[in-house]
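> Take the two lone chains and join them into the complex the hints point to.
Protein chains in written order, with the numbering used here: chain D, 1 to 336; chain E, 1001 to 1433.
Read the hints as simulated data drawn from the structure, not as lab findings. Cβ atoms here follow ideal geometry from the backbone N, Cα and C, with glycine treated the same way. You may find that some hints are simply not true.
A few chain E residues that don't get close to chain D, going by computed Cβ distances all over 10 angstroms [to be verified]:
no.	residue
1	1129
2	1204
3	1250
DSS-like, lysine-lysine: derived pairs with alpha carbons at most 27 angstroms apart [what the hints assert, rightly or not]:
no.	chain 1	residue 1	chain 2	residue 2
4	E	1181	D	326
5	D	109	E	1433
6	D	326	E	1433
7	D	109	E	1113
8	E	1113	E	1181
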Amino acid sequence: MDFLNAIVALSNFVLVPAIAYGSQLALGALGVTLIYGILRFSNFAHGDTMAFGAMATVGMTWWLQSMGVNLGPLPTALLALPFGIMAAGFLVLMTDRMVYRFYRQQKSKPVILVIVSMGVMFITNGIVRFIIGPQERQFADGERFLISARDFKQMTGLDEGLAIKTTQAITVITAIIIVALLFWFLNKTRTGKSMRAYSDNEDLALLSGINPERVVMVTWLIVAALATIAGTLYGLDKTFKPFTYFQLLLPIFASAIVGGLGSPVGAIAGGFVVAFSEVTITYAWKKVLGYAMPDSLAPDGLVQLLSTDYKFAVSFVILVIVLLFKPTGLFNGKAY
Amino acid sequence: MTHSKNIALFAGIAGLIILTGFMQSWNSALLILNMGLISAIMAIGVNLQWGIAGLFNVGIMGFLALGGLATVFVSMEPVPDAWRAGGAGIFLALALGVLTVVATIFAFKTLPKGRLRTIGMLVILITGFFVYRAVFDPAVEAIEAVDPAVTGYLGGLGLPVVVAWPVGGLLAAGVAWIIGKTALGLRSDYLAIATLGIAEIIVAIMKNEDWLARGVKNVIGLPRPVPYEVDLQSSASFVERVQSYGLDVTTTSSILVKLNYAVLFALFLGVIFAMAQLALNSPWGRMMRAIRDNETAAEAMGKNVTKRHLQIFILGSAICGIAGAMMTTLDGQLTPGTYQPLRFTFLIWVMVIVGGSGSNLGAVLGGFLIWFLWVQVEPMGYFIMDILTMGMTDGSPLKEHLLDSVAHMRLLTMGVVLLLVLRFSPRGLIPEK
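In isolation and in its complexed conformation, chain E is listed as follows (with noise of 0.2 angstroms):
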C-alpha cells in the first residue's frame, strides 16, 4: 500500500517534468531536473540531522557556500604570481591566528579561575590580533594587486571539478566540527541562531576576502565535468548524427550536455541515499532516533550524546557541502552574493519537512517536488495573474503592480504549502517508518 503510494507520488514529479518538457521546453525540464537532483542531496543531508537527530540546523546555507568554495580551490587554475606574492604570508597570518585561538584556550584550561585568567586571555587574544593583522594585512594586499581584474586571488589546483565535490564535503565537515564542539551543546532554538549566524559570517568572508575566491568580483568559468556545448557544435561527427536524426544541433547539444550533468548527479544522488538509507537502519541509526525521541533515556542507557549529535551534524554538513559543491559546478561560476538564507536554508527546510522529516526517500520527493514549485509557481503565477487581470484596462497603475508582483509569488506559495503540511499532514507526504 505505502509502496504503491510512494511510487505514485514519483511518478507523479516525473509527470510534472516530463510535462514542463512538452509545455514550455526540454531544456527547462532538464534544468529542473538537475537542479532537483541536487536539492534532493541538500534535503537528505537536513533530514539526516533533524528527521534521524533532531538537531535544528538553519546554517545550511553557510555549508553550500563551503562548496562552492572547494571548487573553486580545486578546480581553478593557480596563480603563481599571487603565490609569490602573499601565498607565504596568507599561510603565515592563518596559523599565527590559530596558534593565537589555541594559545587562548590553553590559557582558559590551565590557569586558575579568577582575574588573572581573564586578563591573560585578553592579553593573548589582543596581541594575537594585532600580529596577525601585521602579517595578514600586507599578504592579502599583495595579492590583490595581482592583475585584480581576470585573478587577484591564489587560485586553486587546477585538479578535475568532480575531485571538488567529496573536498566540498570535507570543507563543510571540517567547519560543522568547529561549530558543532561550541554550539552543539545549545538548546535547540540557540542552537538555530547560532548556525543562522555562522552561516552569514561564511557568506560574508566569501564576499570581503576576495584574496580567497575574489569576493563580490566572483569567479567565472569553472572547470565543467561534462563536455561544453561549442565544443559539440564545432565537432563534425556530432553535427552529422544530430542531423541524420533530423534534430535542431544547438538544442541537441544543451540537451546533451544536462543529460550528461543529470547522470552524474543521479550517480552521486543514488550512493549517498544509499548510504544515507543503510546508516538509518542500522544499530547506528536507531540509536540516533533512541536519541532523539528520548535524551535523557538515551544518556541512561550509556549513549554519548554530545558525541552521536556531534557525530551526525559533521555527516550531515558534509553531504550539504557536497551538494553545494556540486550546484556550484552546474552554474559553473561562484557569486558569493547571491547566497541568500531563504533560498538556500529555509527552502531547503520547506523540502525536509514536506517530504517527511526522518525519511530519506521523502526528503528526495521533497527536494524535487519543492523545487519545481519555486522554479514554476512563477509561470503559473503570471498564468493566473493574466486571466485575472483580463478585465482591467491595459496599462492601469493596478495591472502593472499586480504583474510586476507575481515575481514575488514563490515566497508565499513556499510558506504556504510549508503551513498546510504541518498543520494537515505533520509526518509529511512519505513519513518515517
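Extracted from the complex, chain D is given alone in its bound form (with noise of 0.2 angstroms):
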C-alpha cells in the first residue's frame, strides 16, 4: 500500500507536471529549433511571439466568453486558438518582411540576426504590454480537473490523491497532435521536404529549384502556430503574464541546445530532459521517500535539493554539461 502511495504521489507532484511542462517546453523548442535550421540563427524573440500568439489568444477567448460562447468542459480558449494563430503569424511575416528579409539579401552574419532579434524582442514586448498591459490574466474556463485528488482517494480508496487538470491533459493531448502534424508535414509532404532539403544544404537546394522565400514563409507560419499553441498552453495551465513568456526563453533554448539545435527530434527529447530535471531537482522529496522507504529510514528534513527559484540554474546546469560534453546535443544538431 505505501508503495503505491509512493508511486501514486511521485505521479501527482512530479511525472504529472513534469510532463505537462516538457510538452510545452518542446512546443517551444521546436520553434526555435525550426528557425535555426532554416533561418540559421537563434530567434531571442521567440518568447515574446510567444507571448503576442497568447495575448491574441486571450483577447478572443475573452470576446467569445462574453458573446456565451463556450466549449463546455473544455477551455473556450481551445477555441480562440486559430484566432491567436492568425494573429502571430500575421505579426511574424511582417517582422520578417521588414525586418529579417533585408539581413538575409545581404547575407548577413548569424549574430548581427541575434542582435536585430533582439530588436524584434523589444519590440514584440512593448506591443504586447501596450495591447494587454503587464497584469497577470486569466482566461481559463471549462472544467478545472479531469479527476480530483479527492475522486482519486474515493475511487482507490489510498490515502494519497492524484489530481489532473484538464489543463495539463489538454497540453499533452495538443501537443502529441501538433508534433504529430509536424513530422507528417516535414517528412511526407512536398513543402516540408523542400524545408529539410533547403536545412540541410541551402545550395544544393537553391539549385534543385527550391524557392527559399516560400521556405522562409512556410517556416514563419509553423513557427507561428507552434509558438501560439505552447504560449496559450502554457498560459492556461499556469497563468498569463506577458513577463513569464521573456522568462521561459532560457529553458527553451536549453532544450533546443540539448536535443541539438535544428534537429526537431532532439527539441522534444530536450524539452521533457529539462522539465523532467527542473521538476525533480526541485522537488521536495519528503513524502515521497517517507512511503517508500522503511519508517526507520523516513526523511526529517524536506529532502529538497534546490529551492524551487532556483529552476533556471537546473536548465543552466544541464545545457552547460551538454555543451562541454557533447556540443551538438543529443541528437546531434547542426552548426552553422
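The following block contains the structure:
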C-alpha cells in the first residue's frame, strides 16, 4: 500500500506536472529549432512571439466568453486558438518582410541576426504590454480537473490523491497532435521536404529549384503556430503574464540546444529532459520517500535538492554539461 | 570633419540634458546625467567585449548585480551576532563546496575514461553536495534568525563606499573568469545563451540567499560618498550662503549632492575611457581586432585566441562590475528584485550598437543618448498621446487604455531605434575608425 501511495504521490507532484511542462517546452523549442535550421540564427524574440500569440488568443477568448460561446468542459481558449495563430502569423510575416529579409539578402552573419532579433524582441514585448498590459490575466474556463484528488482517493481508497488538471491533459494531447502533424508535414509533403532540404544544404536546395522565400514563409507560419499553441497552453496551465514568456526563453533554448539545435526530434527530447530535471530537482521528496522507505529511515527534512527559485539554474547546468561534453546536442544538431 | 560631427553629437546630448533642466527640473536633468555617466561606463565594458573582441555577452545584468553586491560587502557595517551565529559554518560549507568541485575536476582529469570515472565523479559530487548542505543549512538558519527585520545577514566590512567600486570590478572579474573558462570556447550564440543563464542565476542567488545580502528584503541605507541633503540643510553656514544668493535651500542642497555625484562619476568615466582608448590603440588592441576579424588567421599567426578572449571577457565584465557598484551607490540601496534583463542587459546592448560598436567614444555617446531616451520617452509619449486623444471624450475606455499604456512605449521605442540604426547605419553614430 505504501508503495502504491509513493507512486501516486510521485505521479501527482512530479510526473504529471513535468509531462505537461515538458510538452510546453518541447513546442517552444521546436519553434526555436526550426528557425535555427532554416533561417540559421537563434531567435531571441521567440518568447515574445509566444506572448503575442497567447495574447491574441486571450483577447479572442474574452470576446467569445462575452458572447456566451463556450466549449462546455473544455476551455474556450481552444476555440480562439486559430485566431491567435493567425495574429501571430501576421506578426512574424510582417517582421520578416520588414526586418529579417534585408539581412537575409545581405547574407549577414548569424550573430547580426541575433542582435536584430533582440530589437524585434523589444518591439514585440512593447506591443504586448501596450495592448494587454503587464498584469496577470485569467482566461481559463471549463472544468478545472479531469480527476480531482478527492475523487481519486475515493475511487482507489489510497491515502494519496492524484489530481490531473484539464489543462494538463489538454496540453499533452494537443502537443502529441501538433508534433505528429509537424512530422507528417516535414516528412511527407512536398513543402516539408523542401524545408528539410533547405535546412540540410542551402546551395543544393537552391540549385534544385526550391524557392527560398516560400520555404522561409512557411517556416515562419509554422513557428507562429507552434509559438501560439505553446504560449496558450502555458498560459492555461499556469497563468498569462507577458513577462513569464520572456523568462521561458532560457529553458526553451536549453531544450533546443540539449536536443541539438536544428533537430526537431532533439527539441522534443530536450524539452522533456529539461522539464523533468527542473521538477525532480526542485521537488521536496519527503512525502514520496516517507512512503517508499521503511519508517526507521524516513527523512526528517524536506529532501529538496534546490529551492524552486533556482529552476533556471537546473536548465542551465544541464545546458552547460551537454555543451561541454557533446556540443552538438543529444541528437546531433547543426552548427553554422 | 569627423571631429566636428562628434563634437556636434555630444553637444546635442548636452543640449538635450540642459533642455530637460529648463523644461522639467534641474534635479531630473542631473539624474539623467548621473545615470548617463554610469551607462557610459557599462557601454564601454560591453563595447570592449563585443566591439573589440566580438564576444557576445548577454549576461551584463549579472555583472552589474555583482557590483551592487560588492557595495553591500564593503560598505555596510558588519553584524557581529550573525558572524558568531553562523559565519564559520558558512565559510566552512563554501570551502567544502569548492573542494567538491575541485575533487570532481581532479577525478575527471586523472581517472581513465570509462564507467569508473563517471561513477567516481557522481559519487564525489553527490556526497559533496549532501555534506555541503548539512553544514550550510544550519549556518544559514542561524544567521537569518539574527534580528531578521533589520539584519539577518552577515553585513559588510564598514569601509568607505568608494572602495566598493573597484571591489565590484574584482568580484565581477572573478566570476567572469569562472564563466570564461567554461563557456568561451562555445560558438557565439551558445555563449549568448550561457551568459543569459548565468546572469539569471546570479540574480536568483541574490534574491534567495538572505544571509548574503538580505535577498528580496533589500539592503537599504547604503553609506554615501557624498554629503547628505539633510546635513546640508541643517548646516547654518550652507543655508546662509544659499539664501544670500536668493535660492531655495531644499532644491539647492539636492542639486549640489547630485552635482557631487556627477563629478565623482565623471572622474571614473574619464579614467576608464582613457584606459579603454589606450588599450584600443595599443598593439594589444590591434591584435584583439585582428582576432575579431579573422580568428583563423590570427591563430595561424601564433596568437592564443582562447587566452585573449578570456582576458578581454574578464576586463569587460570588471568594468560592468564597477558600473554596477556605482549604480547601487547612487540608488543608496540594493534591490535584487529590480534586476531585469531587458533593462540591464539588452538596453546596454542598444547603447553599444547605436553608439557604434568598436568605438569607445561611440559607447559613451550611446550610453548618454539611450539613457536619455529611456527616461524621456515616457513624458514625450504622454504629450503625444494627450494630443492624439484630445478628440475623445474624457473617461472613455479607449482613451484611458491608451493613456495607461504610454508607460510601455519605451520598450517599443528602444526596439525601433535599435532596428533603425542596424538597418540604415549599421556601424553606429560614431563608427569605428
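> Which hints, by number, does the structure contradict?
Of the numbered hints given earlier, those the structure breaks are 1, 2, 6 and 7, listed in rising order.
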